[in-house]
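> Got chain B sorted already, so can you dock chains A and D onto it with the hints?
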Amino acid sequence: MPEYALFLGCMIPLRLPYMESSARELLKRFDVELIEMQDAGCCPEPSLKSVDDETWTALAARNLSIAEGMGLDILTLCNGCFETLKTVDVELKGDGKLKERVNKRLAAVGREYNGKTDVKHLVEVLTGDIGLENLADAVEKPLEGLRVAAHYGCHLIRPNSLEVDDPLRPVLLDRLIEITGASSVPYFKRNLCCGAGVSGVDDYTGKALVRYKLGWVDKAKADCMAVVCPFCMLQYDLTQTLVRNESGERFNLPIFYYPEMLLLAMGAESKELAFDMHRTKMDQVLEKIQGGR
Amino acid sequence: MTSDEIPKEIVDSVRSRAQLCFGCGVCMGGCPVARVNEKFHPRRLIRDLVFGSFMEVLRGETIWLCAQCHICSETCPQGVGISEIIVDLRNLATGIGVSPPESYIGNLKQLAETGRTVPVSSRVERLRNRLGLDKLGPAAAEEIRALVRDTKFEELIVDKEGA
Amino acid sequence: MKPDDVRIGVYVCHCGLNIAAVVDCAQVAEASAKLPDVVVSKDYRYMCSDPGQEMIKQDIEKHDLNRVVVAACSPRMHEPTFRKCVESGGINPFLFEMANIREMDSWCHSKVPEEATEKAKDLVAMAVAKARYLRPLDTMKVPVTPSSLVIGGGVAGIHAALDLADMGYKVYLVERSTTIGGKMAQLDKTFPTLDCSICILGPKMVEVDQHPNIELVTNAEVVKVDGYIGNFHVTVRKNPRYVDEELCNGCGECANVCPIEVPNTYEEALGPRKAIYVQFPQAIPMRFTIDKDACIECYKCVDACYEQGRNAIDLSMTPEEMEFDVGTITVATGYDMYDPSQVKEYGYGVYDNVVTALEIERMVNAAGPTFSHVVRPSDREEPKTVAFVTCVGSRDERAQIYCSGFCCMYTLKNAVLLKDHFPDMDIYIIFMDMRTNFKGYEEFYRRARKMGIKFIRGHPDEIFEDPETGNLILSLEDLSAGRPLDLEVEMVVLSQAVVPSKGTKELSQILTVSTDSSGFFLESHPKLKPVDAATDGIYFAGSAQGPKDIPYSVAQASAAASRSARVISHDEWEIEPIIAYVDPDKCRNTTVKCGVCATKCPYGAITVVEGQAAVVTPAKCHGCGTCVADCPSNAISQQHFTDAQIISQIHAALEKDPENKILGFLCNWCSYAGADLAGISRHQFPPNLRPIRVMCSGRVKREFVYEAFLKGAGMVMVSGCHFADCHYITGNYNAEKRIKPLFRILERAGINPKRFRLEWFSAAEGEYYARITREMVDFMGELGEDQIRLENEKAGPFLERMLNRGA
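Protein chains in written order, with our numbering: chain B, 1 to 293; chain A, 294 to 456; chain D, 457 to 1263.
Worth flagging that the hints you see were computed from the coordinates, not collected in a lab. Ideal Cβ positions, reconstructed from N, Cα and C, are used throughout, including at glycine. Treat the hints with care, since some could be wrong.
Unchecked claim - The calculated lysine-lysine pairs, modelled on BS3-like cross-linking and capped at a C-alpha distance of 27 Å, are:
(1) Lys-428(A) x Lys-28(B)
(2) Lys-97(B) x Lys-445(A)
(3) Lys-221(B) x Lys-540(D)
(4) Lys-1210(D) x Lys-97(B)
(5) Lys-428(A) x Lys-271(B)
(6) Lys-895(D) x Lys-910(D)
(7) Lys-840(D) x Lys-221(B)
(8) Lys-189(B) x Lys-428(A)
(9) Lys-97(B) x Lys-428(A)
(10) Lys-332(A) x Lys-104(B)
(11) Lys-93(B) x Lys-428(A)
(12) Lys-895(D) x Lys-875(D)
(13) Lys-906(D) x Lys-840(D)
(14) Lys-402(A) x Lys-207(B)
(15) Lys-985(D) x Lys-680(D)
(16) Lys-332(A) x Lys-207(B)
(17) Lys-800(D) x Lys-219(B)
(18) Lys-518(D) x Lys-219(B)
(19) Lys-189(B) x Lys-800(D)
(20) Lys-518(D) x Lys-540(D)
(21) Lys-189(B) x Lys-906(D)
(22) Lys-301(A) x Lys-567(D)
(23) Lys-445(A) x Lys-99(B)
(24) Lys-99(B) x Lys-1210(D)
(25) Lys-1210(D) x Lys-189(B)
(26) Lys-402(A) x Lys-104(B)
Stated by the list, open to error - To list a few chain D residues with every Cβ distance to chain B over 10 Å, as calculated:
(27) Thr-537
(28) Lys-639
(29) Ile-929
(30) Tyr-1008
This is chain B alone, in the form it adopts within the complex (with noise of 0.2 Å):
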């Protein structure tokens, strides 16, 4: 198995750790080696893109460059922080003049990018490097029975130029979540964003938009959701407390982060799996899976 150069970003290692540390014990069973990158920082975050592209450019090409400088790829949990390294690096591949003034500024702190560095997101090394084939035969309890709503997030698969999946009927989540003995329940409006991007700038969009998703998906009939991004997590996980259903209740729907499930479908007890941490109660959906055990 390959090693990569974990890209961890902000808002995992220091809102979401649970899912830091779900993601590491995954792919540990799987022999996938996770060197830390020194002094990376902030990919940098979409907000700057708006503000000063140039910038953003610069500091998403320093990130590059020290994983170029370990002589490895970059493996990332976060759709924003793929998003980011993986845009910025297939334009400064293509375009040379735009490299040449990006090294000119990187120059000032000794750095420089030269294109030899790939990014990947998590979905990428498990659906690709361990393949799932491997990940089904590591499946010992799977979790029959349970309707999973599988949220993709946006920037997996948009813009089409990140070459992940299909950009509007993406398949690799959903078969992620088959082979753990779940089925992916189809919800309408599965496309749509969980609103992390906008939820800043205005609060009342940002909830609108999780009732909204939520909505359709307990419509669907989903057990809970599955998300591969710590922004859809809090979105979906956090701001599900904030917010009322149509009747005026809370949803209740427990969201995982992908490893979660499958460590749970290879065996894990849930009690290794700080699920206390998540801000929406997983009791329910624990018991489900764990009540055929």
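For chains A and D alone, coordinates are given in the frame of chain B:
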């Protein structure tokens, strides 16, 4: 750029993309924000760039409501690239002195200070400890500050008072 | 050798304001008057008009002219006009040359009138230079075979065949599938009159079958076409039916006993057919065919046929080839439907109740697979609500950029039919625009609204299936209301794009005709020759040339028949004598074994016998000039495009200020036409390029390029058709083989290889031509005149050596 005038080539380069729009509204159908908030209307935004006042759009609040989910750009049959145009407009806006949203400023100030947008807290350190995770290394804030010297970022965020 | 007494008349046309608004025609005429051998030089408003042509004829007499140059539009436009004019004035029509100062000058350099005028002067000087070396030529007359081939038996092919047959000509109608009828036979009713489709088509199909002048060849494909207008030799491969057409009488007993059922493509796979089948009950010819892929060879059909006393089935049949001669060919190969499963977000092929327009057409049809019951595939229940979605894969840069033309109308028709059969059904049409151009169409739209069909202007970004009910939710913006809408319906009908018929590309190569950027056959001129191919003697009818409805297809069919008749009504047809000829004194095959020319000729027009000079058979030569350029002893010449004629143009083009000029060789069929299109489309670009027209890029010798740089050219471009599209089949391949090494050779000589370009673009790529011209001019600007001059000077001796070396 601090003057009110945006060079014609730049306005033209944005307009020439917006001109491709033939008003089908596919962007509206898929747009998450438009679904739940009447204030955001990507089709109207593009139309206003062509017909209405470019500067009104530039200085307005609607361009900051886009969630950048890129569904519009992926489904647009004429390749208008709405979400990309919005990012370009945001960059132009901050270039003429429009203040980005407060939430941006808060996070980005944190970025300039510590290299990350989220501060390290003792609570998080306890959680990390419990999960068996290593302490998080520093994020080379000095390097970042050096890199952003004399940039719009520095001018708008780092040097800004308050937040 | 130029004849001693050349007396040239130059006429500069204003073309109204088309040329005169940009180019100072009087100035050009004045400057041209000073050219050696020019005896009279005038400018005039409309040279192609009666008075304009009269003026030329009178001048020929008055000034004893023996060459005429007209500077006006593209020769592809009016060369024939002026050739006729000078001929009636008493000069051989091949002593005429045109300078293209409209498409290639005033129209594309309209913002720089002074430079455009200078360019016009150059273009006239080039034409005059060539004119000096022109020789009188006699047109060849070839006999005409008074018969015609129509490829494709849909409504257009049927009508073209009937028109020609009624005129008394023998027509071969070759159809790829087992029956004629095409898409129209699949339709239920036709808009806007709601005529029953097969009812109006059926009798025409029978007429074809019974017409004494029509030889109907079905289950067959054209595999080879040799020859030229008046004399096409066609090879058709008849695929085996495994049923003898002479013996089969269509009784159908075989199908009754056949145990195998497969989806029937005629029914859009909604209904079955047997392995031995006719596509539909009105099939013509009414003969069965065995689908060998489905057949299990149980021989039940053979037994049944034997019992009928006919013994028509023969499982050992093999493909047969037939060959015949015709004078003209009409291509009426129709269209295919775009596969809507490629628009993933609409769920066709995934969601049961998302169907296509043709599928609903078959369902509504009383003789269709559901006997006019429109039902949802998921539960066979009649839907209470149906939404039609238009522009699926059309007007979409991710799929087809064009509008597919007739979908708005057939969507209206299908909705009207549904509403008529099922008045309580809630029917929506989701549309971006409603294109109802022709007679009765807009009224039909009004009728649809009056019936209560609901029109929602908008376009869905996605369709979602509710897994429990099989219902579909369309997400869109209701544009008229200005707000998002989620519309739930029980069934969705997609009106998907129309694409060129499968095999169009291959057929275009067999016929050496061009296709446009969307893959449809390309007409010779979009306005004035809408059914002609650029290749003489070949015509188009129907959707093969671009999506069109039935009345338009039928009109084109009659037009094509008329254009065919125009040729085959004559005993002889004149062919341009732009052919190759060998100088037996120079041919080296007399001393060593050569024969290079014969290997290069795609038409087998050259015969090489050991020890003798090569000989060109004039009637077979199509005039590409490849043999001329590849002959190692320079023994072959091409009439009307001799080396002297071309080199004189190079000299004239580069006489003044050569470092700022691009000398371009453009092939008549693709790149020259593409350059014309750039001007027709009014793309604007700098006027640095001086075009030299050749019939094919294959004609371009390396010596031309050396000569150009020797004379100081800033850049040189050789251009031709895209590979596989060459009008002369292999001309561009040979050109590339010959010309590509020049990049290295020129670099060795000290010339920046980026100053030489080899470009392949089609007649449809005007924008591309404009763009590369701009690129080349920018590059020349970057290098600078001085650098260019320096490089040319340095390369001079090397280039002279290469030229003196000969071939």
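> If a hint holds in the structure, say so; if it does not, say that too.
Now for the hints, and whether the structure bears them out:
1. Lys-428(A) x Lys-28(B): Answer holds: Lys-428(A) to Lys-28(B) is near 19 Å, not above 27 Å.
2. Lys-97(B) x Lys-445(A): Satisfied, since the Cα-Cα distance of roughly 21 Å is no more than 27 Å.
3. Lys-221(B) x Lys-540(D): violated (81 Å)
4. Lys-1210(D) x Lys-97(B): Distance ~20 Å between Lys-1210(D) and Lys-97(B) Cα, so the pair holds.
5. Lys-428(A) x Lys-271(B): holds (23 Å)
6. Lys-895(D) x Lys-910(D): Roughly 23 Å between the alpha carbons, so the hint for Lys-895(D) and Lys-910(D) holds.
7. Lys-840(D) x Lys-221(B): This hinted pair holds, its Cα atoms lying about 26 Å apart.
8. Lys-189(B) x Lys-428(A): violated (39 Å)
9. Lys-97(B) x Lys-428(A): With Cα atoms ~39 Å apart, Lys-97(B) and Lys-428(A) exceed 27 Å; violated.
10. Lys-332(A) x Lys-104(B): With a Cα-Cα distance of about 42 Å, the restraint between Lys-332(A) and Lys-104(B) is violated, given a limit of 27 Å.
11. Lys-93(B) x Lys-428(A): violated (34 Å)
12. Lys-895(D) x Lys-875(D): holds (22 Å)
13. Lys-906(D) x Lys-840(D): Status holds; Cα separation ~19 Å.
14. Lys-402(A) x Lys-207(B): The hint holds at about 25 Å.
15. Lys-985(D) x Lys-680(D): holds (25 Å)
16. Lys-332(A) x Lys-207(B): Holds: Lys-332(A) and Lys-207(B) sit about 15 Å apart, inside 27 Å.
17. Lys-800(D) x Lys-219(B): holds (23 Å)
18. Lys-518(D) x Lys-219(B): Roughly 93 Å between the alpha carbons, so the hint for Lys-518(D) and Lys-219(B) is violated.
19. Lys-189(B) x Lys-800(D): Status holds; Cα separation ~14 Å.
20. Lys-518(D) x Lys-540(D): holds (19 Å)
21. Lys-189(B) x Lys-906(D): violated (34 Å)
22. Lys-301(A) x Lys-567(D): holds (21 Å)
23. Lys-445(A) x Lys-99(B): Holds, at about 20 Å.
24. Lys-99(B) x Lys-1210(D): Given that 27 Å is the threshold and the Cα spacing comes to 24 Å, the pair holds.
25. Lys-1210(D) x Lys-189(B): Distance ~52 Å between Lys-1210(D) and Lys-189(B) Cα, so the pair is violated.
26. Lys-402(A) x Lys-104(B): Given pair Lys-402(A), Lys-104(B) holds - Cα atoms ~24 Å apart, limit 27 Å.
27. Thr-537: holds (51 Å)
28. Lys-639: holds (29 Å)
29. Ile-929: For Ile-929(D), whose nearest Cβ neighbour in chain B is about 6 Å away, the distance does not exceed 10 Å, so it is violated.
30. Tyr-1008: At roughly 35 Å from the nearest Cβ of chain B, Tyr-1008(D) sits farther out than 10 Å, so the non-interface label holds.
Against the hints set out earlier in the document, violations occur for numbers 3, 8, 9, 10, 11, 18, 21, 25, 29.
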